[in-house]
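Chemist: So you can see what is in the structure, the chains are spelled out below.
Protein chains: 2
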Amino acid sequence: MDTPTPPPGDPLRLRRVAIDTYRENVAYLHRDCGVYRAEGFQALSKVEVCANDVRIFAVLNVVDDENIVSPGELGLSEQAYAQLNLDEGAAVKIAHAEPPRSMDAVRRKIFGERLDLDDFRAIAFEISDNRYSKMEIAAFLVAAGQVGMDRDEVLHLTRAMLESGERLDWEEALVADKHCIGGIPGNRTSMLVVPIVAAHGMLIPKTSSRAITSPAGTADTMEVLADVNLAPDTLRHIIRQQRGCLAWGGTARLAPVDDILISVERPLGIDSPGQMVASILSKKLAAGATHLLVDIPVGPTAKVRHMREALQLRKLFEFVGDRLGLHLEVIITDGRQPIGRGIGPVLEARDVMQVLENNPQAAADLRQKSLRLAGRILEFDPDVRGGEGYAIARDILDSGRALAKMNAMIDAQGRRSEDYTPGRITFEVSADRDGVVTGIDNYLLARLARMAGAPMDKGAGVDLLKKLGEPVQHGEPLYRVHAQFPADFKFARALSEEHGSGYRLGEPHEVPKLYVEF
Amino acid sequence: MDTPTPPPGDPLRLRRVAIDTYRENVAYLHRDCGVYRAEGFQALSKVEVCANDVRIFAVLNVVDDENIVSPGELGLSEQAYAQLNLDEGAAVKIAHAEPPRSMDAVRRKIFGERLDLDDFRAIAFEISDNRYSKMEIAAFLVAAGQVGMDRDEVLHLTRAMLESGERLDWEEALVADKHCIGGIPGNRTSMLVVPIVAAHGMLIPKTSSRAITSPAGTADTMEVLADVNLAPDTLRHIIRQQRGCLAWGGTARLAPVDDILISVERPLGIDSPGQMVASILSKKLAAGATHLLVDIPVGPTAKVRHMREALQLRKLFEFVGDRLGLHLEVIITDGRQPIGRGIGPVLEARDVMQVLENNPQAAADLRQKSLRLAGRILEFDPDVRGGEGYAIARDILDSGRALAKMNAMIDAQGRRSEDYTPGRITFEVSADRDGVVTGIDNYLLARLARMAGAPMDKGAGVDLLKKLGEPVQHGEPLYRVHAQFPADFKFARALSEEHGSGYRLGEPHEVPKLYVEF
Numbered sequence: 000m001d002t003p004t005p006p007p008g009d010p011l012r013l014r015r016v017a018i019d020t021y022r023e024n025v026a027y028l029h030r031d032c033g034v035y036r037a038e039g040f041q042a043l044s045k046v047e048v049c050a051n052d053v054r055i056f057a058v059l060n061v062v063d064d065e066n067i068v069s070p071g072e073l074g075l076s077e078q079a080y081a082q083l084n085l086d087e088g089a090a091v092k093i094a095h096a097e098p099p100r101s102m103d104a105v106r107r108k109i110f111g112e113r114l115d116l117d118d119f120r121a122i123a124f125e126i127s128d129n130r131y132s133k134m135e136i137a138a139f140l141v142a143a144g145q146v147g148m149d150r151d152e153v154l155h156l157t158r159a160m161l162e163s164g165e166r167l168d169w170e171e172a173l174v175a176d177k178h179c180i181g182g183i184p185g186n187r188t189s190m191l192v193v194p195i196v197a198a199h200g201m202l203i204p205k206t207s208s209r210a211i212t213s214p215a216g217t218a219d220t221m222e223v224l225a226d227v228n229l230a231p232d233t234l235r236h237i238i239r240q241q242r243g244c245l246a247w248g249g250t251a252r253l254a255p256v257d258d259i260l261i262s263v264e265r266p267l268g269i270d271s272p273g274q275m276v277a278s279i280l281s282k283k284l285a286a287g288a289t290h291l292l293v294d295i296p297v298g299p300t301a302k303v304r305h306m307r308e309a310l311q312l313r314k315l316f317e318f319v320g321d322r323l324g325l326h327l328e329v330i331i332t333d334g335r336q337p338i339g340r341g342i343g344p345v346l347e348a349r350d351v352m353q354v355l356e357n358n359p360q361a362a363a364d365l366r367q368k369s370l371r372l373a374g375r376i377l378e379f380d381p382d383v384r385g386g387e388g389y390a391i392a393r394d395i396l397d398s399g400r401a402l403a404k405m406n407a408m409i410d411a412q413g414r415r416s417e418d419y420t421p422g423r424i425t426f427e428v429s430a431d432r433d434g435v436v437t438g439i440d441n442y443l444l445a446r447l448a449r450m451a452g453a454p455m456d457k458g459a460g461v462d463l464l465k466k467l468g469e470p471v472q473h474g475e476p477l478y479r480v481h482a483q484f485p486a487d488f489k490f491a492r493a494l495s496e497e498h499g500s501g502y503r504l505g506e507p508h509e510v511p512k513l514y515v516e517f
Numbered sequence: 000m001d002t003p004t005p006p007p008g009d010p011l012r013l014r015r016v017a018i019d020t021y022r023e024n025v026a027y028l029h030r031d032c033g034v035y036r037a038e039g040f041q042a043l044s045k046v047e048v049c050a051n052d053v054r055i056f057a058v059l060n061v062v063d064d065e066n067i068v069s070p071g072e073l074g075l076s077e078q079a080y081a082q083l084n085l086d087e088g089a090a091v092k093i094a095h096a097e098p099p100r101s102m103d104a105v106r107r108k109i110f111g112e113r114l115d116l117d118d119f120r121a122i123a124f125e126i127s128d129n130r131y132s133k134m135e136i137a138a139f140l141v142a143a144g145q146v147g148m149d150r151d152e153v154l155h156l157t158r159a160m161l162e163s164g165e166r167l168d169w170e171e172a173l174v175a176d177k178h179c180i181g182g183i184p185g186n187r188t189s190m191l192v193v194p195i196v197a198a199h200g201m202l203i204p205k206t207s208s209r210a211i212t213s214p215a216g217t218a219d220t221m222e223v224l225a226d227v228n229l230a231p232d233t234l235r236h237i238i239r240q241q242r243g244c245l246a247w248g249g250t251a252r253l254a255p256v257d258d259i260l261i262s263v264e265r266p267l268g269i270d271s272p273g274q275m276v277a278s279i280l281s282k283k284l285a286a287g288a289t290h291l292l293v294d295i296p297v298g299p300t301a302k303v304r305h306m307r308e309a310l311q312l313r314k315l316f317e318f319v320g321d322r323l324g325l326h327l328e329v330i331i332t333d334g335r336q337p338i339g340r341g342i343g344p345v346l347e348a349r350d351v352m353q354v355l356e357n358n359p360q361a362a363a364d365l366r367q368k369s370l371r372l373a374g375r376i377l378e379f380d381p382d383v384r385g386g387e388g389y390a391i392a393r394d395i396l397d398s399g400r401a402l403a404k405m406n407a408m409i410d411a412q413g414r415r416s417e418d419y420t421p422g423r424i425t426f427e428v429s430a431d432r433d434g435v436v437t438g439i440d441n442y443l444l445a446r447l448a449r450m451a452g453a454p455m456d457k458g459a460g461v462d463l464l465k466k467l468g469e470p471v472q473h474g475e476p477l478y479r480v481h482a483q484f485p486a487d488f489k490f491a492r493a494l495s496e497e498h499g500s501g502y503r504l505g506e507p508h509e510v511p512k513l514y515v516e517f
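Chains as they are written, first to last, in numbering that gives the first Met the number 0: chain G, 0 to 517; chain C, 0 to 517.
In case anyone wonders, no lab produced these hints; they're calculated from the structure. Predicted model only: the values in this text are computed from it and were never measured. Backbone N, C-alpha and C fix where the C-beta goes; we use that ideal spot for every residue, glycine too. Treat the hints loosely; a few may be bogus.
Simulated restraints, written as ranges between beta carbons of each label pair [claimed, not checked]: (1) C:Arg-100 - G:Arg-113: 33 to 39 angstroms; (2) G:Pro-470 - C:Arg-100: 52 to 58 angstroms; (3) G:Glu-356 - C:Glu-47: 39 to 45 angstroms; (4) C:Glu-65 - G:Asp-410: 35 to 41 angstroms; (5) G:Thr-212 - C:Asp-226: 47 to 53 angstroms; (6) C:Ala-493 - G:Arg-265: 38 to 44 angstroms; (7) C:Ser-416 - G:Arg-265: 52 to 58 angstroms; (8) G:Arg-30 - C:Pro-231: 21 to 27 angstroms; (9) G:Ser-398 - C:Arg-100: 40 to 46 angstroms; (10) C:Gly-474 - G:Glu-47: 34 to 40 angstroms; (11) C:Leu-323 - G:Gln-311: 41 to 47 angstroms; (12) G:Arg-150 - C:Leu-310: 34 to 40 angstroms; (13) G:Glu-47 - C:Asn-406: 39 to 45 angstroms; (14) C:Leu-323 - G:His-498: 36 to 42 angstroms.
Construct the entire structure; sequences and hints are all you get.
Modeler: Here you go:
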């Protein structure tokens with residue numbers, strides 16, 4: 000046997016490999032590396048990289064090009080390199096990683112067993128420690144979603160996820176937050192609720208998310224108006240000063256396990272109620288919220304399609320929230336159609352600004368829903384009488400104080416050029432008969448906006464010209480699609496030709512009824 | 000906005016990136032590539048790479064180093080590059096990959112539904128087309144394992160997996176094969192059964208596997224004696240000439256979906272009966288078998304621990320085998336302890352050769368089990384009377400014809416230097432009391448052999464000095480561990496100190512009874 004270089008057991012020199020592998024750590028070893036040969040590693044196997052007291056886990060890729068790594072080196076992808084926090088050339092060792100111990104608990108869950116708090120703690124710890132591969136996480140999520148978690152298990156999981164990261168303390172008795180479970184395009188109420196609540200003086204340190212499967216998250220839309228990528232310190236400073244903020248929350252290390260689980264859940268398109276509740280509540284508690292309003296839209300093409308389901312979900316939120324000391328209220332809202340007119344960052348920013356500016360053209364449903372949500376949050380304030388929140392919110396909005404607060408937040412975050420021009424390549428989709436709009440497919444319109452380029456192309460999206468209950472004539476346009484690039488335009492057009500307009504036209508009595516507060 | 004290079008829609012130049020990512024296709028794009036920026040790709044998202052008529056799917060990694068890929072290039076990892084079958088510099092296009100359509104069926108399975116043949120066909124097709132990510136495969140496996148598949152579903156899955164690849168046709172009426180479901184260290188009966196059956200003249204084109212979680216597969220052990228990495232044509236030629244072969248089967252594209260599923264199942268440590276049956280039978284049918292003997296060892300530390308379970312598994316094998324036109328017999332065997340003495344490639348090869356050479360030292364249990372399995376296979380021959388197979392097999396072995404056949408196969412595959420020296424760094428584990436061996440932990444001894452370096456270090460492993468029922472005295476050695484490298488020696492020693500010897504000593508009546516044929 001020829002002598003491998005270096006012999007097993009000897010350290011390798013650390014090298015930074017400029018490859019971005021997102022949330023997955025990757026280690027690169029040259030095929031002729033003695034350690035690789037002696038230890039019997041396989042490509043894609045999980046390895047443990049140690050240097051001084053730091054130990055990280057990574058997936059192994061085997062390299063045949065000395066320009067990437069040479070036989071005496073161990074390469075790490077950007078994220079893995081950053082975690083090790085060492086200089087290039089430092090001595091590192093590599094070993095087989097034992098599979099995560101808590102996979103035993105996952106296998107017990109697969110066999111239908113109930114897990115206890117210690118099990119969930121072990122799972123959350125090892126996930127946050129990067130010991131789980133994507134497929135191990137998928138196994139956990141499917142098992143937990145399929146056998147189902149009882150409500151105690153959801154409570155345990157929430158607690159374990161909360162404990163996996165930092166927890167902010169705002170040192171105030173009332174820290175408000177809101178959350179919508181999603182699924183309704185154009186639903187940018189946060190951009191109105193936060194300025195209204197903050198203008199009232201209540202602390203609402205809500206952070207926003209970027210779209211993953213939707214055409215725009217609040218962070219994407221806010222980015223049309225202001226910078227949203229703020230360092231955690233800047234974020235905290237703005238929140239203390241302005242009482243609220245509309246920035247991206249991805250830079251804070253709050254409930255990091257949640258981010259990792261979501262990175263697997265989203266592409267799989269699986270979303271169990273227990274997992275959703277644990278995810279939302281752990282994040283909100285980690286962010287320091289004491290009072291939370293949860294918005295569950297219900298409608299035929301919303302995430303929650305029946306009132307029965309919405310009520311079950313509400314009970315679960317209440318059960319877990321109460322036991323973790325969170326003052327939590329759930330409202331079930333109208334999710335039959337998109338909120339406002341625009342879908343996509345620029346178009347949604349336009350809608351929001353029109354409401355704030357008390358423009359007579361402003362979308363009435365966006366204004367109404369935002370006022371009602373803000374009103375409920377204002378009633379968390381012991382000094383606000385039950386039932387008076389709405390009027391206070393309306394007064395803050397109508398008086399221009401909400402707009403002033405929004406402008407102050409935009410300036411604090413860093414104002415961007417106010418360019419509300421939607422994408423210039425457009426097509427309109429028109430009614431194929433006379434009638435009344437009796438249905439709008441949230442899911443199809445969201446997909447259309449994404450195909451057109453949202454959220455990456457800020458101006459791309461869909462502008463609705465008709466909403467539920469409005470009469471239309473044959474040939475009259477229902478909505479306009481905006482794209483920035485011809486390729487996206489083509490994709491969107493093909494989708495709309497394949498799946499139809501997403502609108503249903505019929506008689507006035509066919510508009511689905513929904514008995515929710517708003 | 001500055002002009003990206005090249006603009007979206009324009010082709011990129013193909014570049015081979017010398018990184019081995021095993022079964023996962025990886026595509027590399029430079030962060031400044033115009034296509035990357037305009038299309039809004041994310042690291043780790045699934046992309047579709049097209050060139051001429053070929054289309055492959057890959058996971059995206061984003062690169063910041065022009066030595067790996069420059070902004071005008073699209074890099075592909077070794078396996079992905081090979082699939083595209085183009086020269087470097089060829090024009091390729093990249094697009095977002097839509098999630099696999101059959102994930103809808105997987106989600107239905109997650110919700111507890113029964114899938115039909117078309118669902119399984121769609122899943123198998125998209126898996127073999129590389130459209131499933133590891134986590135999507137994990138979701139399928141956990142869902143199918145957890146809700147369970149009824150026997151029709153197992154039949155559908157087997158058929159769908161079989162259809163996913165080539166199917167060999169040996170143009171003979173009787174093509175024999177054998178398979179053991181595994182879990183018993185040292186169980187190298189194939190290396191005796193194949194020469195005996197082939198010496199009888201029956202075609203047994205069995206291919207062998209390498210160890211993944213065990214300390215040696217038949218291919219690893221055979222590699223001590225001969226080359227096992229044979230090109231498919233060579234393999235077929237040897238089988239026709241010798242009537243059998245002992246080579247690695249990984250080069251043939253038989254039931255490729257099975258290989259992909261196994262690459263996820265093994266690291267997860269999940270193994271449902273339905274999945275196991277579909278995996279084994281699709282592989283065997285693809286290899287052209289008409290007659291199959293399945294060996295199910297039962298024992299307290301075997302894969303199957305109770306007779307009840309073994310019988311259920313037998314019925315499932317029979318149901319699926321019968322419907323796919325396979326003559327299938329199942330035998331339930333003694334899995335209470337390892338077979339033979341050696342665990343690890345060199346030690347097992349020594350055991351096998353001692354039996355073939357009729358060495359008086361040869362392990363009696365390995366000889367007996369192999370003769371009985373070979374006898375049952377010989378009885379597939381219509382000219383062999385029921386009950387006479389064993390005597391024929393024994394005659395072939397005792398007369399030296401099996402050894403001659405083995406030597407002919409070794410020469411055909413390519414003989415290796417006969418070095419049976421086990422690893423030179425050893426330690427012995429001794430009895431801590433007087434008594435009779437009443438239990439041997441298959442699982443612990445397999446792990447010990449792996450820690451010692453098997454199967455990569457051929458000489459590493461465990462040599463058993465005592466078996467079930469044998470009397471031992473306090474201080475007498477139970478087994479010897481062989482390692483080739485000090486680090487492995489240390490690992491193995493630590494494991495044995497942590498978990499004990501894996502032997503149970505007691506009274507003769509405490510040896511567990513097992514009512515199986517052998």
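Chemist: Each of the hints needs a verdict: does it hold here or not?
Modeler: Going through the hints against the structure:
1. Between Arg-100 of chain C and Arg-113 of chain G, the C-beta spacing of about 35 angstroms keeps the proposed range 33 to 39 angstroms intact.
2. Checked against the given bound of 52 to 58 angstroms, the beta carbons of Pro-470 of chain G and Arg-100 of chain C, roughly 38 angstroms apart, lie outside it.
3. A C-beta distance of roughly 44 angstroms is found between Glu-356 of chain G and Glu-47 of chain C, which places it inside the suggested range of 39 to 45 angstroms.
4. Look at Glu-65 of chain C against Asp-410 of chain G: about 39 angstroms separates their beta carbons, and that is inside 35 to 41 angstroms.
5. The hinted window of 47 to 53 angstroms between Thr-212 of chain G and Asp-226 of chain C holds, with their beta carbons roughly 50 angstroms apart.
6. Distance hint check: the CB atoms of Ala-493 of chain C and Arg-265 of chain G are about 41 angstroms apart, consistent with the given range 38 to 44 angstroms.
7. Checked against the hint of 52 to 58 angstroms, the C-beta distance between Ser-416 of chain C and Arg-265 of chain G comes to roughly 54 angstroms, which is consistent with it.
8. Look at Arg-30 of chain G against Pro-231 of chain C: about 24 angstroms separates their beta carbons, and that is inside 21 to 27 angstroms.
9. Judged by the Cβ atoms, the range 40 to 46 angstroms given for Ser-398 of chain G and Arg-100 of chain C is violated: they are separated by roughly 53 angstroms.
10. Gly-474 of chain C and Glu-47 of chain G have their C-beta atoms about 37 angstroms apart, which keeps the hinted 34 to 40 angstroms range intact.
11. At about 44 angstroms, the beta-carbon gap between Leu-323 of chain C and Gln-311 of chain G stays in the expected band of 41 to 47 angstroms.
12. Checking the proposed 34 to 40 angstroms range against Arg-150 of chain G and Leu-310 of chain C shows it holds: the Cβ atoms sit about 39 angstroms from each other.
13. The supplied range of 39 to 45 angstroms is met by Glu-47 of chain G and Asn-406 of chain C, whose beta-carbon atoms lie about 44 angstroms from each other.
14. Range check, Leu-323 of chain C to His-498 of chain G: about 39 angstroms between beta-carbon atoms, so the 36 to 42 angstroms window is met.
The structure does not agree with the numbered hints 2 and 9 stated previously, though it agrees with the rest.
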